[in-house]
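Input sequences plus hints: build the corresponding full structure.
Residue numbers (the numbering used here), protein chains in the order written: chain A, 1 to 501; chain U, 1001 to 1329; chain L, 2001 to 2316.
Hints in this document: simulated from the structure, not taken from any laboratory.
From the three backbone atoms N, C-alpha and C, an ideal C-beta is built for every residue, glycine too.
Be aware that one or more of the hints could be misleading.
[Stated by the list, open to error] Partner residues are not named here, just some residues of chain U that face chain A (Cβ under 7 Å, in silico): (1) Ala1189; (2) Asn1193; (3) Glu1195; (4) Ser1200.
[As the list claims (entries may be wrong)] On the chain U side, residues computed to face chain L include the following (Cβ under 7 Å): (5) Ile1031; (6) Asp1135; (7) Ala1136; (8) Pro1141; (9) Thr1230; (10) Ser1236.
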Amino acid sequence: MNASILSANGVTKAFAGVLALDRVDFAVRPGEVVGLVGENGAGKSTLMKILGGILAPDAGSVGLDGVDLPRLTVASAMAGGIAFVHQELNLFDNLTVAANVMIGREPVRGGPLRLVDDAALERRTAPLLAQLGADFAPRTPLSRLSLAQMQLVEIAKALSLQARVVIMDEPTSSLTASETDRLLDVIGHLKARGVAVVLITHRLGEIERCADRVVILRDGRRVAELAGDAIRADTMIAHMIGRDLKTLYRAPAAPPGPAILELRALRTPYRPERPVHLTVHRGEILGLAGLVGAGRTELARAIFGIDRPLAGEIVIDGRPVAIASPDQAIAQGLYLIPEDRKRLGLMLDFPIRQNVSMAMLAGRSAATLVDLEEEEAVAARERDRLGIRAASLSLPAGALSGGNQQKVVLAKWLALSPRILVFDEPTRGVDVGAKSEIYRIMRELSDAGVGILMISSDMEEIIGVSDRVAVMHEGAIAGLIERDGLSEEAILSLAVGRRTR
Amino acid sequence: MISRKDLGLLILILVVGAIVAIINPRFLSPINLANTANLIGLFGLFAVAQAFVIISGGIELSVGSIIALVGVVFVDLVANETLSPGLAAVVALAIGALIGLVHGLLVTRVGIQPFVVTLCGLLIYRGIARYYTEDATAGFPFGASFPTLEWLTAGRFYGVPHSLIAFVLVTIVMSVVLHRSVFGRHLFAVGKNEEAARYSGIRTTRVIVAAYVICCTLTALAAIFIAMYTRSISPSSHGNFYELYAIAAAVLGGCSLRGGEGSMLGVVLGTILLQVLQNLVNLLGIPSSLNFAVMGSVILLGVIADRQFTSVGSRRAAKVPAATTTPAA
Amino acid sequence: MKTTLATVALAGALALTATPGMAQGKKTLAFVVNGASDFWKLAEAGVKKAQAELPNYTLQFKYPEQAAAAVQQRLMDDLVVAGVSAIMVSAVDPKTSTAALNRVGGQVPLFTTDSDAPDSNRIAYIGSSNMDAGKQAGEIAKKALPNGGKCIGFVGLPGADNARERIEGMKAAIAGTKIELVDVRGDDIDQTRAKRNVADALAANPNIDCMVGFYSYNPPRIYEVLKESGKLGKVTVIAFDEDPITLGGVKEGTIAGTVVQQPYEWGYQGMKLMAKVLEGDKSGIPANKLVIVPTKIIDKSNVDAFETELKARIRG
Chain A
1 MNASILSANG VTKAFAGVLA LDRVDFAVRP GEVVGLVGEN GAGKSTLMKI
51 LGGILAPDAG SVGLDGVDLP RLTVASAMAG GIAFVHQELN LFDNLTVAAN
101 VMIGREPVRG GPLRLVDDAA LERRTAPLLA QLGADFAPRT PLSRLSLAQM
151 QLVEIAKALS LQARVVIMDE PTSSLTASET DRLLDVIGHL KARGVAVVLI
201 THRLGEIERC ADRVVILRDG RRVAELAGDA IRADTMIAHM IGRDLKTLYR
251 APAAPPGPAI LELRALRTPY RPERPVHLTV HRGEILGLAG LVGAGRTELA
301 RAIFGIDRPL AGEIVIDGRP VAIASPDQAI AQGLYLIPED RKRLGLMLDF
351 PIRQNVSMAM LAGRSAATLV DLEEEEAVAA RERDRLGIRA ASLSLPAGAL
401 SGGNQQKVVL AKWLALSPRI LVFDEPTRGV DVGAKSEIYR IMRELSDAGV
451 GILMISSDME EIIGVSDRVA VMHEGAIAGL IERDGLSEEA ILSLAVGRRT
501 R
Chain U
1001 MISRKDLGLL ILILVVGAIV AIINPRFLSP INLANTANLI GLFGLFAVAQ
1051 AFVIISGGIE LSVGSIIALV GVVFVDLVAN ETLSPGLAAV VALAIGALIG
1101 LVHGLLVTRV GIQPFVVTLC GLLIYRGIAR YYTEDATAGF PFGASFPTLE
1151 WLTAGRFYGV PHSLIAFVLV TIVMSVVLHR SVFGRHLFAV GKNEEAARYS
1201 GIRTTRVIVA AYVICCTLTA LAAIFIAMYT RSISPSSHGN FYELYAIAAA
1251 VLGGCSLRGG EGSMLGVVLG TILLQVLQNL VNLLGIPSSL NFAVMGSVIL
1301 LGVIADRQFT SVGSRRAAKV PAATTTPAA
Chain L
2001 MKTTLATVAL AGALALTATP GMAQGKKTLA FVVNGASDFW KLAEAGVKKA
2051 QAELPNYTLQ FKYPEQAAAA VQQRLMDDLV VAGVSAIMVS AVDPKTSTAA
2101 LNRVGGQVPL FTTDSDAPDS NRIAYIGSSN MDAGKQAGEI AKKALPNGGK
2151 CIGFVGLPGA DNARERIEGM KAAIAGTKIE LVDVRGDDID QTRAKRNVAD
2201 ALAANPNIDC MVGFYSYNPP RIYEVLKESG KLGKVTVIAF DEDPITLGGV
2251 KEGTIAGTVV QQPYEWGYQG MKLMAKVLEG DKSGIPANKL VIVPTKIIDK
2301 SNVDAFETEL KARIRG
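See below:
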């Protein structure tokens, strides 16, 4: 067996007291495709950041070509031939494909003038694109490419850097089936050239198709490694979850009450031709499922007053209300826990206590003083109630783990009195422990009479938490599924627009 | 409760002051201290004003032009006895508030970048000021006397110039507004992350407009004091570049031009340092032409030193939780 | 639609603010100054008087929107294009603008005033001799300080020619006496700094005997600081130009005297001279091409008469 190019040896890493990685071993050998799977928050991204030199491990070591080091730096990882293809692409859409591939290493001409030699730039890029089977030219502006094509540009950039290990983080999450096939072919090419590929993905079928080995992480621990024929989706799922999610479901304490939020023919700027009808009852958790781009987040934005609805009515407790801005939604007791927590939900640099009091203070007169004792008391109360794990309420919110950050966002709203809560992807990037706590809090709130609308792309979450599920397709509600009819198939067929019953 | 940043600045001021005092002991003479205090008051008023806009994530470049415009209008109204000084002051402050309102609405409602809005303001108000007097100097005739107005703006209380007292009062009020009031909290939130503030229910438009109104109104107040100090205003040059003094003081005092950071105390210390530097150039007989160069160099050194301190500080802070979370088992 | 409205509004605004174009058939003479100040208001009055006597010419008085050489240069180029027949200019930066001035001078007859550009192709300079003015300030000092003393000067731009010549002239006049000009502080034409310079100088040198304000706004700042610190009358003040506060101080006796230029005469005589030259009569130009309008010392004895004359001229 070949020696490994890159390895993590007993790596441990904690963020603000929460273990993200616990003594994990991981190795990559030349020319192999290694899958890395696990639920959100299992520690995949942290492990890759350590291998890429972005983070330093708290304990353990990183091996590069057999040399054990306490940590890598970004520069040493790059020099060692380790390349990343990120979920968020690091490309410049104001430049051409060739300019992106050769960025920072442009061939020059014109002596001291150091002009960019565009001809040479394209000459050097063309063979890389050909190797990857790209159907676009080096001089194409990047802004004209699809997401899948941009990924090829990233890979071409990695190849031009003589990469020996290419780490791909969820490369197929936004690709169509045929684009995914092409990408998997490209991975085959890389393998044939002796380049190792680490593939992080939630799509287990892809791992089955192309991985030589797969490493499974759960809660920061390496729980299994499968190789060859042993790589099967059901085995991987069993290791990833470690329990049956359907058993997570906790029924409401009482049957749902009257309607608290009704959307009557609401037309959003996103898909104005498709009106939305939807009812959320007191004391229920209504799941809102659908594919990426179905318009669920856009619907949430319209309800919360970020984008003004073009037509239709929002009815709360039987009374039509006008919501033109978030402060008006908040005045109605309707709150949104947004999907993009770091950008929209929190002030990452602000102390936890100020994040918790943010919405409470937004409702106060600007001319009054902040009651610091009240602020502290409210923040402490919500911290205890939600189990926010933080050494101090003075820590910036950005220092917390994903799960605790989400609890701070929640605390911001619980400091007021919610009537309707809209969760958009409530547990994205949240570790398993915090996940179940968030579900517990959601159920407690609904039992207290709050109406909850939960947007989620996580099938297990939708099935495991919702009392009913509405499925969105191309901007409208394609159908409603009651608890007893809930299954992955039923949701999917509505989500892709197939008629049922 | 003094932050590390502010403490560093205070030390810098004390060191500079000590060096000057050693070379020329007259630095500490009551006359010189009072003179410098007066200028700190004049320049501090509009530096504090600028801080509000900078913390909101914007910038106000028309400060110098507002000082010229408000100055000529005020002096003209008072010197020609069109209005009583009190009413003239109300008019002056109203002009400032109106300008701030327009800037704020252009930034929030029309969506023009603050730099562009206030750059246009810089040109427009300068032009209006010059047109107003047809480029003549607005001033008081010889021997003209407005005892109450002069006592209020240029008088001394046990040797302490009233401009400094006004500055201290304004700073105390504005410190409470910025650091303790709900508005202040909203302002920091909007400056740091406008989107997240909106998602929390903060009416961001109002907050930003209010920041510009506060800034321009306080600048108008400063304009009155400055007009009563020079007693003569040539609209083409009066207040030129003063916005840069204000921005420099705010930046020295720890405001981030990206918004959401800054403290009143920092801005006050920044203003003090800038004025001590100008005083130093005169007292030490450094050629006047080097004035700006001395100022620029010290600001640069201060900001570099601050970056060094904070990066050491944050590295140390980052180590603390890591050390406490090493697995005990 | 919006664009159309904006365009119409802009056009309207321009039409309202524009000055009438060059009148047909009449030759246009332009007087271009170096920046906006009261000083030039007097020259403008002189130009107005000349206009009354030169009905066949259109006389224009032009302020550049900024006291910058480039802005002034553009203004002159525009005037040449617009068809002016001759230009009299107070160049912002005569030393380094020789080539640019020559370009203008190559197209129309060019005169300089206030600050000369001797190396250019200008036909003549009409104005004061700053050196002589400085000497006159020295005379005031010698009279006011018979026992000598230490002086500090205040000026806008210490490196500018007019400032340097005034300072040199004064130093030449007081050479050999016990009067000494120990320092000159600059303020870049910022009045706040001008005033603080005086205050700082007084703090640094409490026993100073005399202060000299070289630019027109400097003496009023000196006057104010001395008044506020109770030293008015104890420190000798020597002034230049005719700011109302300066003249008030001279009347009061707290300012020893001021040296005034005669911008009114520059405007009046200058325009008449230009018209003559255009008509072919060059007799008014001396061999050295310098038409010096002498500066005057104004002290308590003649200040009232001077002020009356000044007011009459400004009122036109």
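Q. Honestly, which of those hints from before does the structure not fit?
A. none
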